Amino acid sequence: SAVISQKPSRDICQRGTSLTIQCQVDSQVTMMFWYRQQPGQSLTLIATANQGSEATYESGFVIDKFPISRPNLTFSTLTVSNMSPEDSSIYLCSVGGQGAFYTEAFFGQGTRLTVV
Amino acid sequence: SQQGEEDPQALSIQEGENATMNCSYKTSINNLQWYRQNSGRGLVHLILIRSNEREKHSGRLRVTLDTSKKSSSLLITASRAADTASYFCATALNYGGSQGNLIFGKGTKLSVKP
Numbered sequence: 026s027a028v029i030s031q032k033p034s035r036d037i038c039q040r041g042t043s044l045t046i047q048c049q050v051d052s053q054v055t056m057m058f059w060y061r062q063q064p065g066q067s068l069t070l071i072a073t074a075n076q077g078s079e080a081t082y083e084s085g086f087v088i089d090k091f092p093i094s095r096p097n098l099t100f101s102t103l104t105v106s107n108m109s110p111e112d113s114s115i116y117l118c119s120v121g122g123q124g125a126f127y128t129e130a131f132f133g134q135g136t137r138l139t140v141v
Numbered sequence: 002s003q004q005g006e007e008d009p010q011a012l013s014i015q016e017g018e019n020a021t022m023n024c025s026y027k028t029s030i031n032n033l034q035w036y037r038q039n040s041g042r043g044l045v046h047l048i049l050i051r052s053n054e055r056e057k058h059s060g061r062l063r064v065t066l067d068t069s070k071k072s073s074s075l076l077i078t079a080s081r082a083a084d085t086a087s088y089f090c091a092t093a094l095n096y097g098g099s100q101g102n103l104i105f106g107k108g109t110k111l112s113v114k115p
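If you read the protein sequences in the order shown, they are chains F and Z. For what it's worth, the numbering used here labels the leading residue of the first sequence as 26, then goes sequentially. For what it's worth, the numbering used here labels the leading residue of the second sequence as 2, then goes sequentially.
Heads up, a few of these hints could be off.
[What the hints assert, rightly or not] Below, simulated BS3-like cross-link-like pairs (lysine-lysine); rule was C-alpha separation at most 27 Å, straight line:
id	chain 1	residue 1	chain 2	residue 2
1	Z	107	Z	71
2	F	90	Z	71
3	F	32	Z	107
[What the hints assert, rightly or not] Derived CB-CB ranges, DEER-like:
id	chain 1	residue 1	chain 2	residue 2	range
4	F	77	Z	79	36 to 42 Å
5	F	39	Z	21	42 to 48 Å
6	Z	54	F	33	18 to 24 Å
7	Z	83	F	36	26 to 32 Å
Note that these hints are calculated values from the structure, not bench results. These figures come from a predicted structure and were not determined experimentally. Just so it is clear, CB atoms sit at the ideal spot from N, CA and C, and this is done for glycine as well.
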């Protein structure tokens with residue numbers, strides 16, 4: 026299993042500013058995933074963060090808007106840049122749920138972002 | 002793209018009743034998982050069923066998988082008010098290599114009234 030500490034748990038931000046979300050895992054993992062959950066919706070994968078290489082972004086998400094850092098095997102950050110009200114969502118980091126053995130995924134507690 | 006579709010979108014029952022949620026998916030899978038989310042917080046894994054399994058139990062949870070119909074169901078027996086949450090199915094696609102991520106359905110919002 027894995028325990029993920031995600032912060033901040035929530036924030037209210039002004040449009041045009043940026044917010045950096047941090048995730049710390051209690052064990053070393055190769056891949057970390059970042060998801061967005063818009064109000065009342067399901068989870069949409071933003072990107073996969075591998076240690077030592079550039080993050081892989083899903084269609085509709087770009088590095089300039091959602092830069093990701095992965096400095097080591099236990100930590101990652103996601104920045105939501107130049108925010109607009111449309112960025113108001115819950116952002117979640119996750120590990121597991123993939124790989125040769127397709128295990129369960131573990132999630133941080135989420136960051137509830139409101140852009141005003 | 003969305004792989005799983007749950008129904009119903011919302012379900013309201015009385016404490017003690019059973020709750021059944023269904024999930025349909027489109028492509029071949031390695032396994033299907035169910036997750037629970039309380040009030041927009043992080044998701045908690047409930048149960049994983051592999052493509053070669055048909056039924057699995059965990060406490061008050063029973064999951065079935067029908068790969069011919071590309072569907073799964075989650076049954077919560079003797080529901081409690083504390084079961085109130087959103088429930089998501091997620092599929093792990095049948096990739097040959099080590100890549101791949103979970104694809105989540107839209108979720109069922111369950112409300113259990115005391």
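The hints, checked one at a time:
1. Z/107 x Z/71: holds (16 Å)
2. F/90 x Z/71: violated (36 Å)
3. F/32 x Z/107: Status holds; Cα separation ~25 Å.
4. F/77 x Z/79: 36 to 42 Å: violated (49 Å)
5. F/39 x Z/21: 42 to 48 Å: holds (45 Å)
6. Z/54 x F/33: 18 to 24 Å: violated (39 Å)
7. Z/83 x F/36: 26 to 32 Å: Since residue 83 of chain Z and residue 36 of chain F have Cβ atoms about 28 Å apart, the given range 26 to 32 Å holds.
Hints 2, 4, 6, counting from the list given before, are not met by this structure.
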